[in-house]
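Residue numbers (the working numbering), protein chains in the order written: chain A, 1 to 315; chain B, 1 to 423; chain C, 1 to 274.
Hints were generated in silico from the structure; no laboratory data involved. For glycine and all other residues, C-beta sits at the position ideal for the given N, C-alpha and C. Heads up, a few of these hints could be off.
In silico contact screen, one side only, chain B against chain C (beta carbon under 10 Å); selected entries [stated by the list, open to error]: (1) Glu32; (2) Gly34; (3) Ala51; (4) Thr62; (5) Gln64; (6) Met68; (7) Gly81; (8) Thr258.
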Amino acid sequence: MNDQAIQDRSDDGIVETQAGPRSRADRILPYVFAGPAFAIYAVLVILPLGHTFLLGFYDWSGAGPMTFAGLDNYIKIFTDPITRTAIANNLIWAVLATIVPVSMALLLAVLLATHLPPGVRLFFSTVYYLPAVLALAVSAIIWGWVYNPAWGALNTFLGSIGLSGLEQPWLGDPSIALYSVFLVSSWAYFGFCLIILLAAIQNVDPSLYDAAKLDGANAWTQFWHVTIPGIRNELNFVVLYTAIEAFRVFDLIFIMTGGGPFYQTEVIATAVYREAFIEHEVGYASAIASLMTLIIATLATVALRWRERTAPENQ
Amino acid sequence: MTKMLNLAVIAAIGAAPAAALAQETTISVWDEFGAEPQRGAMENIVAHCEAQIPGLTVDRTTMQMEQMQTILTTAIQSGEGPDVFYSSPGWSTVGPLIQAGAVADLTEAYDTRGWRDRVQPWAVDYVTYNGSAWAVPYEAEIQGIFYHADILEEHGIDMPETYDDLIAAAEALQDAGYEDPIVTAARPAFVLGWLESSMLGATIPVDTLEEIVLNHGSWDNPAYHDAIARIADLYERDLVPSGVLAYSYDDMMAEFYTKSSPMVLTGSWIVANIDGNFPDLNVDYMEIPPVEGVEQRAPKAAGGGFMMSANSDKTEASLQFLDCLATPEAAQIWLAEGLSRAPVEGVDAEAANLSPLNQRVTEVVNQPLSAFNLYGVLPAEVNDATWNGIQAMWAGMMTPEELVAVKQDAWQAAIDAGEVIGQ
Amino acid sequence: MPATINSFLKWTVLILFAVFAVGPVLWMFVSAFKTTPEILTTPFRLPSEWRWGNIGRAWGEAGFSRYTMNTIIMTVPAVVIGVALSTLGGYAFARFNFRGGGVAFFLLLYGLTVPFQALMIPLFYNFSRFGLINEYPGLIAALIAVHLPFGIFLMRSFFVNAQAEIADAARIDGCSEYGVFWHAMLPLARPGVLALTTILFTDQWKAFLLPLILIQDDARRPLTLGLLFLRDAQSQQQYELLAAGVIIASLPTILLFLATNRYFQRGLVAGSSK
Chain A
1 MNDQAIQDRS DDGIVETQAG PRSRADRILP YVFAGPAFAI YAVLVILPLG
51 HTFLLGFYDW SGAGPMTFAG LDNYIKIFTD PITRTAIANN LIWAVLATIV
101 PVSMALLLAV LLATHLPPGV RLFFSTVYYL PAVLALAVSA IIWGWVYNPA
151 WGALNTFLGS IGLSGLEQPW LGDPSIALYS VFLVSSWAYF GFCLIILLAA
201 IQNVDPSLYD AAKLDGANAW TQFWHVTIPG IRNELNFVVL YTAIEAFRVF
251 DLIFIMTGGG PFYQTEVIAT AVYREAFIEH EVGYASAIAS LMTLIIATLA
301 TVALRWRERT APENQ
Chain B
1 MTKMLNLAVI AAIGAAPAAA LAQETTISVW DEFGAEPQRG AMENIVAHCE
51 AQIPGLTVDR TTMQMEQMQT ILTTAIQSGE GPDVFYSSPG WSTVGPLIQA
101 GAVADLTEAY DTRGWRDRVQ PWAVDYVTYN GSAWAVPYEA EIQGIFYHAD
151 ILEEHGIDMP ETYDDLIAAA EALQDAGYED PIVTAARPAF VLGWLESSML
201 GATIPVDTLE EIVLNHGSWD NPAYHDAIAR IADLYERDLV PSGVLAYSYD
251 DMMAEFYTKS SPMVLTGSWI VANIDGNFPD LNVDYMEIPP VEGVEQRAPK
301 AAGGGFMMSA NSDKTEASLQ FLDCLATPEA AQIWLAEGLS RAPVEGVDAE
351 AANLSPLNQR VTEVVNQPLS AFNLYGVLPA EVNDATWNGI QAMWAGMMTP
401 EELVAVKQDA WQAAIDAGEV IGQ
Chain C
1 MPATINSFLK WTVLILFAVF AVGPVLWMFV SAFKTTPEIL TTPFRLPSEW
51 RWGNIGRAWG EAGFSRYTMN TIIMTVPAVV IGVALSTLGG YAFARFNFRG
101 GGVAFFLLLY GLTVPFQALM IPLFYNFSRF GLINEYPGLI AALIAVHLPF
151 GIFLMRSFFV NAQAEIADAA RIDGCSEYGV FWHAMLPLAR PGVLALTTIL
201 FTDQWKAFLL PLILIQDDAR RPLTLGLLFL RDAQSQQQYE LLAAGVIIAS
251 LPTILLFLAT NRYFQRGLVA GSSK
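Based on the provided sequences and hints, a complete structural model is requested.
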């Protein structure tokens, strides 16, 4: 479980030097094996990605002539208040996404890692993962019902326990709509984080806890000084994963609020979709998409570098 | 002289029945009639036309209108698109298509095939932009307030005659326990367009509106400020749901159909659904009643129409199909089975056995006077800015004055870019 | 008695989160057996009468049989081909140092971070240019492509963990590299193949944005889009059918997940050690 993609692959212990004289058939084997996958990937991911970057420098409505626009589209990103709102919302979302579902998962993983019958543990981890099995489109519809202002479960529940003062148009109030949708995202992701973190906690060497106990560490200290360092790789992974997913968020917003009211729940992906396919500002949409790709790639690079640098020697 | 000749040709061709096609031809048609009763009615119309035009086969694909907008231009330009498609002929929708050269100009067909005699003139006007006709309109619709007549009666409320009557009626209903006397919705944003169009019809004299829309006047005028102020006022008085910004079209209709709300702002397309699925409801229709000095009228529109792709290589077959659609026989099927109104002359509404509500709506549709349906006449950018602006105004993020300024800016930009209709 | 309090707290937290996780889903599932007026007026009550026929109505009149068939047509080839390509590719990157392999691997690595939104614009316009809109082969190829980075990484990590010694032993017995893969490595990586299959199956089943853009014909929509458009179909007020559609759309992945729970969880954990 300790190989890192970014690491030199010779660490994996499988290198061609161990092979003796190889036949020609054996030499072309990697190309035969990896070739088809890479070809599809190149045609349907790498090329379109390059195409998007290119389109970002043009003014194009999706039909008719394209005119070179230089950096105009990129300049527009920072002057267009709706796109700025979308970027700001996405940053808020990304920060929350690295905190909320991960903390929920961490708490539950620590609780589940305590002495429990394995069946009970499996039951809870299964239940927590269940939302992740649903399509986000399905989750969006379910929570659209929960949040319905007139007959939704949340307002009905609040009303029935005498808290009708707390009833809200959850998706209609610009100041809370984004957070209402974010809660659904956390709901959908915390189970995934939990399964990763639970496995990691269970892999922490038990003798480390014993040693800590001998030093008189309480549960809290053990958590900070044994558990957290022991699962740092996995923690790093889930944080990076939720952050990257945060910049891809589309389905939930698109279905639950459509970016509204008054564009206040737009995120980058919905802005790209709207500009490209509704407003027919294809060049501008491409520029926003390109910027988003650069943000995520930078984020991932920084995170992986950081993880590499801080990884313990014995990795 | 040429004109005389043309008239003779028109008379000759216009009277001629549809001819058989020179060879077997399959045309592809995209429409949005995927749900009953319109799905079956359109199937029958197609069968009728295929029987009338030997050699014609129609291959239908149904999709949501918004979806179609997304792919239509590209599909047509790549040669993969339909020969005939059904779309809103409103300028917000077809403006970009026409400007991209994707829609065939039907003016000549109108002139030579006798369509001008068969399609109602107001509807022809509606699909005519800058001198050319672009569609065979197939959905004559009006917008306004649909209300539960029994609820109003139960509370002793007469049908409001003036705008102030309407507000008084709504407040009386609120006192009687209806939290949301008038329900509307914010998703999709064009639902608010029905409110805006109806409000403008009730508060702005028709010549002032024409001056703005057709002669490119300014929205920054007292009449429009007043209309927007009244829209703001509806929310401030809590006459629309306090959570309206979270309401989808479905939420709005649910509240109306369950009688939680006595009045809803929508359009005549709901009539088929009421007749089909809620026959026990006692629903009636009214325009938003006018303020003093404005004549009562409903925003009328051709909500949809059949158009031909500019790239179709089956022009004759497509035109013959459009020709068949524009006959009273086809329109009769559309009314009797689809419960929908094509603005085609010679349809016998009595023979269609309509419900009282459907009769009333058909009557209003046939009235000559009409307000502007803004979706139909303004460019999409202007409408988007306004309808999102109404949401912002209700959310307290924009003042009515700012909203008017936003609309006027978008309007001016569209005028400068040549994206508007009229002079 | 702090231990008891701790234990009480622990169970409270665990159970509350369990309710949070499945409560909304169960609520929607129960609503599927009510009538629309019941859903709107008594959202928390059990159905006055369980209308099991609603599932059949969604399956029939609301078109969910067609949507389900479309989702299967879309999912099955995308999973089968995707697993095959990922297995072969993952093996190649795990076992060989080959010219160009490093660059290809690096490009795939970044593929994990590429948001689909950055591909959809050219994909849409090029697909429409070549008449691939509304065509399943185009959609399936795109679905496979965007999941390849994940699949290849997952399979690579399984192959790396499959002991190299066994492969060497097989080669000593006179196997070609192909034989090593087929007879020694592939059987060892079977859990990986199963995990990838289940994960890819649920992922492709859930696909939304790609079909949203590439499939416009109502008759070819998958379940996710069918649900969305049923919700937005302006003429209908049939909430129970929407809820029944939610059951139809989500039950297959829920059942698959429950049946393959262990493989599934193991696959997720293996995938995280990238």
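Now for the hints, and whether the structure bears them out:
Here the hint on Glu32 (chain B) is kept, as its CB sits about 9 Å from the closest CB of chain C, short of 10 Å. Contact between Gly34 (chain B) and chain C, as hinted, is supported at the beta carbon level, the nearest pair being about 5 Å apart and thus within 10 Å. Checking Ala51 (chain B) against chain C by beta carbon gives a least distance of about 24 Å; that is not within 10 Å, so the hint is violated. Hint status for Thr62 (chain B) relative to chain C: holds, with the closest Cβ pair at about 5 Å, below 10 Å.
A distance limit of 10 Å between C-beta atoms decides the matter here; for Gln64 (chain B) the minimum to chain C is near 6 Å, and the interface restraint holds. Below 10 Å, beta-carbon pairs count as interface contacts, and Met68 (chain B) has one with chain C at about 7 Å; its hint therefore holds. The restraint placing Gly81 (chain B) at the interface with chain C holds, with a minimum CB-CB distance near 9 Å, inside the 10 Å limit. Because the closest C-beta pair between Thr258 (chain B) and chain C is about 5 Å apart, less than 10 Å, the hint holds.
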